[in-house]
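Protein chains in written order, with numbering that gives the first Met the number 0: chain A, 0 to 435; chain B, 0 to 172; chain C, 0 to 214.
Heads up, some of the hints might be wrong.
[Said to hold, decoys possible] Computed list of lysine to aspartate or glutamate pairs in EDC-like fashion (alpha-carbon distance at most 20 Å, straight line):
| hint | chain 1 | residue 1 | chain 2 | residue 2 |
| --- | --- | --- | --- | --- |
| 1 | C | Lys150 | B | Glu164 |
| 2 | A | Lys289 | A | Glu359 |
| 3 | A | Lys289 | A | Glu325 |
| 4 | A | Lys390 | B | Asp150 |
| 5 | C | Lys174 | C | Asp155 |
| 6 | A | Lys390 | A | Glu359 |
| 7 | A | Lys215 | A | Glu317 |
| 8 | A | Lys276 | A | Glu311 |
| 9 | C | Lys174 | C | Glu87 |
| 10 | A | Lys276 | B | Asp30 |
| 11 | C | Lys174 | C | Asp46 |
| 12 | C | Lys150 | B | Asp30 |
| 13 | A | Lys276 | B | Asp150 |
| 14 | A | Lys245 | A | Glu231 |
| 15 | A | Lys390 | A | Glu97 |
[To be verified] Rough simulated footprint, nothing fancy, chain A against chain C, three-plus residues with beta-carbon under 8 Å:
| hint | stretch |
| --- | --- |
| 16 | 52-64 |
| 17 | 100-107 |
| 18 | 151-164 |
[Unchecked claim] If you want the ones that stay clear, here's a sample from chain A, every Cβ over 12 Å from chain B, calculated:
| hint | residue |
| --- | --- |
| 19 | Asp207 |
| 20 | Pro210 |
| 21 | Phe219 |
| 22 | Asp235 |
| 23 | Asp287 |
| 24 | Thr330 |
| 25 | Ser346 |
| 26 | Leu416 |
Note that these hints are calculated values from the structure, not bench results.
For every residue, glycine included, the Cβ atom is placed at its ideal position computed from N, Cα and C.
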Amino acid sequence: MTDRPANGGADGGEHDPLTVPYRDREKSITVGTLERTDEPLSGTELAPETELLTINLGPHHPATHGVLRLLCTLEGEVVRDIHPIIGYVHTGIEKSCEDQEYWKAITFVERMDYLSYYFNAMAYCMSVERLLGEEVPPRAQYLRVIHLELNRIASHLFWLGTAALDIGAITMLWWGLRERDLILDLFEMSSGQRLHTRFFQVGGVFEDIPPGWEAKCRSFLAEMPSRIDQYEALLDRNEIWLQRMKGTGIVSRERMLELGVTGPLLRATGEPWDLRKATPYSSYDHFDFKVPVGTVGDNYDRYRVRLAEMRESLKIVEQALDGLPEGPYITTNRKVALPPRHELATSMEALIHHFKLVTEGFRVPPGEVYTPIESPRGELGCFVLADGSSKPSRVHMRDPSFTNLQSLADMGRGSLLADFIACIAMLDPILGGIDR
Amino acid sequence: MPDATGLELVAQRVRDAVGDDAVVGAHHAYDRASLEVAPARVHEVLTHLRDADEEPYGVLASLHGCDYLPSEPRLGVHYELLSMQRRERLNVKTRVTVEDPHVPTVTDLFPTADFHEREVYDFFGVVFDGHPDMRRILMPEDYEGHPQRRDFPMGGEPVLFTFNEHKLPRWYD
Amino acid sequence: MEVTRSKPTDDFRVKQLRAQQMLRGDLEGDDLQEYVEERLLLTKFEDAQNWARRNAIWPLGFGLACCAIEMITVIGSPRNDLSRFGAEVIRFSPRQADMLILSGRVSIKMAPVIRRIYDQMLEPKWVISMGACASSAGMFNNYALVAGADKFLPIDVYVPGCPPRPEALMYGIIKLQDKITNAPNLGWRERYHSHGTEEYDGRPKADSQTAGPDA
Numbered sequence: 000m001t002d003r004p005a006n007g008g009a010d011g012g013e014h015d016p017l018t019v020p021y022r023d024r025e026k027s028i029t030v031g032t033l034e035r036t037d038e039p040l041s042g043t044e045l046a047p048e049t050e051l052l053t054i055n056l057g058p059h060h061p062a063t064h065g066v067l068r069l070l071c072t073l074e075g076e077v078v079r080d081i082h083p084i085i086g087y088v089h090t091g092i093e094k095s096c097e098d099q100e101y102w103k104a105i106t107f108v109e110r111m112d113y114l115s116y117y118f119n120a121m122a123y124c125m126s127v128e129r130l131l132g133e134e135v136p137p138r139a140q141y142l143r144v145i146h147l148e149l150n151r152i153a154s155h156l157f158w159l160g161t162a163a164l165d166i167g168a169i170t171m172l173w174w175g176l177r178e179r180d181l182i183l184d185l186f187e188m189s190s191g192q193r194l195h196t197r198f199f200q201v202g203g204v205f206e207d208i209p210p211g212w213e214a215k216c217r218s219f220l221a222e223m224p225s226r227i228d229q230y231e232a233l234l235d236r237n238e239i240w241l242q243r244m245k246g247t248g249i250v251s252r253e254r255m256l257e258l259g260v261t262g263p264l265l266r267a268t269g270e271p272w273d274l275r276k277a278t279p280y281s282s283y284d285h286f287d288f289k290v291p292v293g294t295v296g297d298n299y300d301r302y303r304v305r306l307a308e309m310r311e312s313l314k315i316v317e318q319a320l321d322g323l324p325e326g327p328y329i330t331t332n333r334k335v336a337l338p339p340r341h342e343l344a345t346s347m348e349a350l351i352h353h354f355k356l357v358t359e360g361f362r363v364p365p366g367e368v369y370t371p372i373e374s375p376r377g378e379l380g381c382f383v384l385a386d387g388s389s390k391p392s393r394v395h396m397r398d399p400s401f402t403n404l405q406s407l408a409d410m411g412r413g414s415l416l417a418d419f420i421a422c423i424a425m426l427d428p429i430l431g432g433i434d435r
Numbered sequence: 000m001p002d003a004t005g006l007e008l009v010a011q012r013v014r015d016a017v018g019d020d021a022v023v024g025a026h027h028a029y030d031r032a033s034l035e036v037a038p039a040r041v042h043e044v045l046t047h048l049r050d051a052d053e054e055p056y057g058v059l060a061s062l063h064g065c066d067y068l069p070s071e072p073r074l075g076v077h078y079e080l081l082s083m084q085r086r087e088r089l090n091v092k093t094r095v096t097v098e099d100p101h102v103p104t105v106t107d108l109f110p111t112a113d114f115h116e117r118e119v120y121d122f123f124g125v126v127f128d129g130h131p132d133m134r135r136i137l138m139p140e141d142y143e144g145h146p147q148r149r150d151f152p153m154g155g156e157p158v159l160f161t162f163n164e165h166k167l168p169r170w171y172d
Numbered sequence: 000m001e002v003t004r005s006k007p008t009d010d011f012r013v014k015q016l017r018a019q020q021m022l023r024g025d026l027e028g029d030d031l032q033e034y035v036e037e038r039l040l041l042t043k044f045e046d047a048q049n050w051a052r053r054n055a056i057w058p059l060g061f062g063l064a065c066c067a068i069e070m071i072t073v074i075g076s077p078r079n080d081l082s083r084f085g086a087e088v089i090r091f092s093p094r095q096a097d098m099l100i101l102s103g104r105v106s107i108k109m110a111p112v113i114r115r116i117y118d119q120m121l122e123p124k125w126v127i128s129m130g131a132c133a134s135s136a137g138m139f140n141n142y143a144l145v146a147g148a149d150k151f152l153p154i155d156v157y158v159p160g161c162p163p164r165p166e167a168l169m170y171g172i173i174k175l176q177d178k179i180t181n182a183p184n185l186g187w188r189e190r191y192h193s194h195g196t197e198e199y200d201g202r203p204k205a206d207s208q209t210a211g212p213d214a
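Bound conformation, chain A alone (with noise of 0.2 Å):
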């Protein structure tokens, strides 16, 4: 076992677990006068166990969100020391990249990290158009915006959904998947697939949105906050979530930033850094929204920041649909996205950039870029090294999930194997990011 680095937020042995309020209750009760004493019952004394026990909470179980393996050492229950092993669902996406062209890439791309994965395909399309020097038409920005916002709320409710679930709450994931299916029924109108659309092309998107599209859109907008309120009217001041939300897996601010932690999980420990207000992209600063934050940095800050991110995200998407420009929805240059269908009929030069297109796809000139975003779990970038060939040399996406992963064993150490349990499902990995 290496030697982590001393970390100053993590309890450091003044806050040991054994000893925290909630098993101050776990005292006699005499039936006769119902009084408290103060001594535990005999035999029950709370030393911890000197012998530690590591033991493998395996790639298939059902509180690892997907196929993560850790070897958790323990001493009694409580955690002192965790080691991640990942690679069970490494694909090799980045390696196939290489092999498609550009476009075709998109597809590859947008499999990695699944829960979000019109973001995948944004910060790629991103980067091959910086590569590019394409403008993406204003109409073209704002319907990224709003499928990827949507899709950032159609995230945050699974995480919500088996989140609760790791801890108890069921019902949480029945509500959770309801909405979800809403959203995921407006992606359907919209392009023809539930999830993995490939929507976002590069200079824009693939089609323009139907008609009736932007009216059941409001309609979901009408009736999402009321839901959002259900969800917080069950859970924010449940008393078994408070016990074992309330400051569980605490990690301090300045350890998040070394440890190069983004998204929600730092702006719990109260640092405002968000991508879309930080350095905008794709006109989200024509949008007014609020970035929460939270203070003490833990799990049920992190549950308190993202359910409030879906607040925003619906005053996002309602700000988009009104201001939603006409326009074209790709860019215009035949050279990179494909004509409209009907000049192919007329125009000799449509026919040809269609073949073009398809059979070689566009050469991006020699270059490197690195573009980030903000997606659900922290700062997805997209590192494209282009060698001016028709196909990719490179493409690496900097996964959140990765990044947030190391912070795993701080949160971990020191606290009960139950809130180690809780700090996995608020740390939300999804480890299709994690091993692409």
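Based on the hints, put chains B and C in the right spot on chain A.
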């Protein structure tokens, strides 16, 4: 991103602080500032950029590798530095050869580099000297070869079409 | 307590008459026949067993990648609800589960783990390979994946799609249920009378009319 002149100033400051041989080049393209350094001096350059420079970069956003085949030296390691106060990004890169793929580790400066360096080792074979736990992270521990190098074969199975389905051995042969 | 038994006779006719007397109420002859037939179910033991098995399949909670999201949607979403078909109980322990839904890409690191879990499941067990990545390599034909889980597991039903819609997965589970009752729904092969178009896999066919591609 620091613009082209800003990049030149940064490069000059790094040269003054660390040494003239540290900085190999400074490129500014596609709105991205990139500083190329010699592999052996990476640690000092990053220490300077994190602590001592007048425009410090405190966060390492990403550490990744790439293969520049056919141009030598082949393997490249990129460090994406981020400054949250000034909202700027700087890219520092080094190039090493396959014969001598050693780069000093930066996990003591940026603890986030732990998993990232393991991944670069796993896929490209770049050994980071001083890393606490240098072993494969995504591939099985006993895997041979470094998959994301350009000369590593893609692998996989041949796709069956009507013209080759009788020529390729099937699972029942 | 005393138990009195009538003297055992080996005359079947006598026993039959006694049974008839027991059952007789006010019905006689054909009415009695009809009365009994309405209330008794005669079947083979295997059929009854299969009926019980198909309607109470316990899936093993095994999600690997994106198809797992759709699998959870099938199991958990109020719109597509798997408990209608009896498969509500998801057990995470392989000792308590019947059916393994392989949802997601099977990497070379995970393959031995899946095989071990499959071996730990008790007979009878079925496997559904959900999605393109578990059935073949999907779109990822590269060094890191096992091209189809049927290289190391016997698979009963393949559900294509990337990811398959929840309705598609439910259709796959219903097909598995049909397969369990030994009445596999051949679908279009029945409608178009095109038996013998199944893929030739090298084994000599019992039916001499069907010829392999090498003939």
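The output says Asp287(A) does not contact chain B. Does that hold with a beta carbon cutoff of 12 Å?
holds (20 Å)
Was Pro210(A) rightly flagged as not at the interface, with every chain B Cβ beyond 12 Å?
holds (38 Å)
Hey, Lys174(C) versus Glu87(C), does the alpha-carbon distance stay inside 20 Å?
holds (17 Å)
In terms of Cβ atoms, is chain B entirely out of 12 Å range of Ser346(A)?
With a cut-off of 12 Å, Ser346(A) remains clear of chain B, as the shortest Cβ separation is near 32 Å.
With the threshold set at 20 Å, check whether the alpha-carbon distance from Lys276(A) to Asp150(B) stays at or below it.
Between Lys276(A) and Asp150(B) the Cα gap is close to 41 Å, so the pair fails against 20 Å, i.e. violated.
Would the hint linking Lys276(A) and Asp30(B) be met if the CA-CA limit is 20 Å?
Holds: Lys276(A) and Asp30(B) sit about 19 Å apart, inside 20 Å.
Does Glu317(A) sit within 20 Å of Lys215(A), going by the straight-line distance between their CA atoms?
holds (12 Å)
Given hint Asp46(C) paired with Lys174(C) - CA-CA distance at most 20 Å:
holds (17 Å)
Hinted pair, alpha-carbon criterion (20 Å max): Lys289(A), Glu325(A). Please report holds or violated.
violated (27 Å)
Regarding the pair Lys390(A) and Glu97(A), is the alpha-carbon distance no greater than 20 Å?
holds (6 Å)
Under 8 Å between beta-carbons, do enough residues of the stretch 100-107 of chain C, three at least, approach chain A for the coverage claim to hold?
Since three or more residues must qualify, the claim that chain A covers the stretch 100-107 of chain C holds, with 3 doing so at under 8 Å.
Far enough from chain B: is every CB of that chain over 12 Å from the CB of Phe219(A)?
Holds, because the least Cβ-Cβ distance between Phe219(A) and chain B comes to about 34 Å, which exceeds 12 Å.
Of the numbered hints listed earlier, those contradicted by the structure are 2, 3, 12, 13.
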